[in-house]
Structures are given as C-alpha cells and as structure tokens.
Amino acid sequence: MFMGSSSFISMGKALKKKPPNTNADARRLMFVDSIIKADSVEVVQLPNATNLMDGTLYAIFDGKLYLIRGIQPNVHPVSLFVNNTILNQSFLATFKFDVIFIFTSIVFLEPDKFMSMPQRIYELYRSGLNESQGHGALEAGTFALWNNNVDNIQERIRYLCETANPSEAKDPLIKPNMSKFRAMLEYKVQCLEKAARNSNIMMGPYCQSNETSNRDNVRKHYITFQDSKLRSFAWSVISSMLNAEARNCLIPSNASMADKQAVEGANTSTKPVIKSGKKPKQRKIAVASGTVSITTFFKPAL
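Positions 57 to 358 (our numbering) are the ones given, in order, by the sequence shown.
Some hints could be false.
[To be verified] Derived pair list, reagent style EDC-like, types lysine to aspartate or glutamate, alpha-carbon separation capped at 16 Å:
#1 K231 with D283
#2 K244 with E218
#3 K169 with E301
[To be verified] So the derived label-pair ranges between C-beta atoms look like this:
#4 Q175 with K236: 56 to 64 Å
#5 S255 with P174: 15 to 23 Å
#6 K236 with S183: 36 to 44 Å
#7 N304 with R214: 40 to 48 Å
#8 V274 with N304: 49 to 57 Å
#9 K276 with R238: 38 to 46 Å
#10 P174 with E242: 38 to 46 Å
Because the hints were derived from the structure by calculation, they are not lab data. Computed from a prediction, not measured in an experiment: that's the story for all the values here. Cβ coordinates follow ideal geometry from the N, Cα and C atoms, glycine included.
Just need the whole structure built from these sequences, with the hints factored in.
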C-alpha cells in the first residue's frame, strides 16, 4: 500500500512540470496496488464512464489510470483503520481503472453507425447544446487517452468493433460488435467472481452465514458464497461502470435484475443472515492495563 501526495493538472492545455505542492491543504492518496512506489502522482479530470458529460477525478501513475473513490473530503468525514493506521477524511482510496469502460460508453451512443473514434468524441462534446456547455477539458482528456493509446485502447477497440475501411488506416470507421463486447464484459464478471472467492471477500449481498455452534464462550459460523447472487453482484458492479446506452445493449436481462439491489445492499453494509434461536452471551476480553481501546475514538466529547 502506497500513500503519497498528489497534484491536480488540467487536460485542456499543456502545463509545465513543477514540483508537487506539499502545503497543508494537499490531499493524500492511498493506493491499494502495492507495486506503486512513488513520492507523488498527477490527478486529472476525465469523463465519468457512467455519464460522459460529467467529470471525475483519476490519478495517473506509470501510464495507468486509478479511479479515485471512497472518502469525500468535507462531505462524508469518516475515520478508517487500515493496517492499524488511522486514516481520516484527508485520505482518498484509488483503484485501478480500465479505460475500456469510457470508450465502450462512447461507441454505444451510436451503435448502429460506422464512425471513427475521433469523430465520435467530436460528436459527443461539440454537437448542439453540448458545445455551449463547455466540455473542453473532458474532450481533451478523452483525446489524450485515445491518442496515447492508454491500456492499448486502440487495438482493443478495433478488435471489439467491425471496421468499414482498411485496418491500416490511422482512424478506421468502426461499429461495435455486440457479441464481442458482451464476451468482454462476461470475462470481467468472471474475474470479479474469482477475485471475491480467492480473496475471501465476504459481503451480505452474496453470502450466507449459518451458526454451527453456540456455546458459552465460542460461537462458530459457516459462511458460504451464493453463486447466483455473487454473479448478480459482479454484473451490477460492471454495469455501474457504463452509461445507460451501453447497459441497455450489453447487460443481460437476468443480470440487470439486481443491479440496484446488489449495489444498495453493499452500500448499506447489509449483514449476512445469522440463523440462531439462542441469545449470544457476551464475555469481556482481558487486556493489559493501560492499553488504548479503539472504543475511545467513539466516546462523546465532554
């Protein structure tokens, strides 16, 4: 886990490189990816894959994008305990992001037309009302992702789409191939399911807990993954990374189901159902004298 300072840059115009600002107002970014070892990263505003007209913040490190999520400073102040470290609202969690979601949302705005990707971006941000709303930074950021071939996006889009002119062309006319895009999303769903199982990520929306014993000092629970609910939850995560047009074309009807139920269940920290008819007994855990308890952080101020 890496924690470092960050600086915000705009994709609308080139900026001279300068040392990162380390003043008292600087925010700290927490990277879950342990391979990141750096003192500072750049933060940019790029399109939100769910709504391409809205911008959201991403961190850039070594040519990879990391979506900034979690704690919102001065909006939802909370304290987290990570590896015995207290993280307050000045920390933001970042997660590796695949830009394929942004461009999938773009191509499915006009899924029946052969258009080059630059033309699709122009149509998105410069047509009619959209042009007057001033989305220059989002347009520039999208072009930067495409022209710099972040995550090999150009080759991947060409593979996932049908082309109307020779593949040697710099920007061929493309139209999304439904079956290929669905297969790509299916693969991502399978990866999420596998990651949840391998990492023992247990959450209420797709896990069930059954009490196997309830003695005076020992309570055992057997927690199992429910395959259908886990799959629905994985689909809900994937669908939440796409706009409405892409979801309507790509998300299967039996997966769009629990979209809201699964996500809302995760957001409200739904607990697994514990089947027990006995009232559990509580016992005090002995600790060394003078040891600071975590409960001291939640005592009301005098």
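Hints versus structure:
no.: 1; hint: K231 with D283; in the structure: violated, 34 Å
no.: 2; hint: K244 with E218; in the structure: violated, 21 Å
no.: 3; hint: K169 with E301; in the structure: holds, 14 Å
no.: 4; hint: Q175 with K236: 56 to 64 Å; in the structure: violated, 21 Å
no.: 5; hint: S255 with P174: 15 to 23 Å; in the structure: violated, 39 Å
no.: 6; hint: K236 with S183: 36 to 44 Å; in the structure: violated, 27 Å
no.: 7; hint: N304 with R214: 40 to 48 Å; in the structure: violated, 24 Å
no.: 8; hint: V274 with N304: 49 to 57 Å; in the structure: holds, 51 Å
no.: 9; hint: K276 with R238: 38 to 46 Å; in the structure: holds, 42 Å
no.: 10; hint: P174 with E242: 38 to 46 Å; in the structure: violated, 29 Å
In this structure, the hints that do not hold are numbers 1, 2, 4, 5, 6, 7, 10, in rising order.
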